[in-house]
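Taken in sequence, the protein lines are chains C and Z. For the first sequence, my numbering begins at 1 and goes up steadily by one. For the second sequence, my numbering begins at 106 and goes up steadily by one.
Source of the hints: derived by calculation from the structure; they are not laboratory data. Be careful, since some hints might not be right.
To be verified - Across the chosen pairs, the derived CB separations fall in these ranges:
1. Z:D135 / C:A36: 46 to 56 Å
2. C:E47 / Z:S162: 22 to 32 Å
3. Z:D135 / C:R95: 52 to 62 Å
4. Z:D135 / C:L82: 41 to 51 Å
5. Z:L243 / C:M35: 15 to 25 Å
6. C:R78 / Z:I205: 49 to 59 Å
7. Z:V213 / C:R78: 51 to 61 Å
8. Z:N144 / C:L80: 33 to 43 Å
What the hints assert, rightly or not - Within a straight-line C-alpha distance of at most 20 Å, the following computed EDC-like cross-link-like pairs (lysine to aspartate or glutamate) qualify:
9. Z:K142 / C:D61
10. C:K58 / Z:E220
11. Z:K198 / C:E47
12. Z:K297 / C:E64
We put the CB at the ideal spot given by N, CA and C, even for glycine.
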Amino acid sequence: MKRILLFSISVFSCVISQAQEQLAPDQNPNYKVSMAKYQTGQEKILEGMGTTSQNTYKAYDWFEAKQQRKQDRLDFRRKLTLARVNSNRFTDYYRWRRRNVFFYR
Amino acid sequence: MKSIRIICFFSALILLAACSRKVTRIDPTDTPDISGKWNNTDSRLTAEEMISQSLGSAWLNNFVQAKGKKPVVICGMISNKSHEHIEAETFIKDLERAFISSAKVGLVQGGKKREELRAEKADQQTNSSVSTMKRFGLENGADFILQGSINSIVDAFKRKKTVTYQINLELTNIETNEVVWIGDKKISKFVKN
């Protein structure tokens, strides 16, 4: 009786597993290869879901470039002034500034 | 002495007036183009166009006829490949809201919000009462994924500039990879500095 019961359980489980393995019409029989590949790293892929990935580029704008050049020039002059002030040659900054005010405006 | 006081008073008044900031509330449907960059009007126009295109296209009826139920959509990634920082969530949320309010398209949560939901569900397994505990494995699977891209073309010379934005949204069947709908919106601007 026990044997019959065990046998019937094993047959039933085999039938169920086969039913689960059954392919849908026209389904690729090798689908598990791809499934295994994507089931491992899926979390990383799905991280950006519902978000905007910013892959922006810098467009050249003549006017903006001109303004940037002006700003760069001003920054450079400011840095130059500070560098000269910090150097040992100029101990009295205000005196030096008064002397060079026409050149570094 | 009196004249000095008057001068001080007026100079203080001028200083205060110079420092004051004026804030005026405007209607979100107004079109204040200030810098020529992507703004709320562009987002709103995109949302309106995408809503009318998506809910009026054939994919919806085709799916309902084939499956006998409304399609379920999940929002994927939107790629901004333009020259400006553009947050697509502003018009994607409008589109999602239209999906839900039309009751023609279902929506499921994705990304970090879904992770949060699952974490909450996991927490309920140990902390909630059995009668109120929500079970795993009963989520709605999406039929379609919404993905998209934002592109731009800039043409500038001296003080003149034209900018064209092209926004595309795509709905793809998750099982078959078939693209069933592509929404398109083009916005062009002429900017003179």
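Hints and how they fare:
no., hint, in the structure
1, Z:D135 / C:A36: 46 to 56 Å, "54 Å, holds"
2, C:E47 / Z:S162: 22 to 32 Å, "30 Å, holds"
3, Z:D135 / C:R95: 52 to 62 Å, "56 Å, holds"
4, Z:D135 / C:L82: 41 to 51 Å, "46 Å, holds"
5, Z:L243 / C:M35: 15 to 25 Å, "22 Å, holds"
6, C:R78 / Z:I205: 49 to 59 Å, "55 Å, holds"
7, Z:V213 / C:R78: 51 to 61 Å, "55 Å, holds"
8, Z:N144 / C:L80: 33 to 43 Å, "39 Å, holds"
9, Z:K142 / C:D61, "13 Å, holds"
10, C:K58 / Z:E220, "34 Å, violated"
11, Z:K198 / C:E47, "18 Å, holds"
12, Z:K297 / C:E64, "12 Å, holds"
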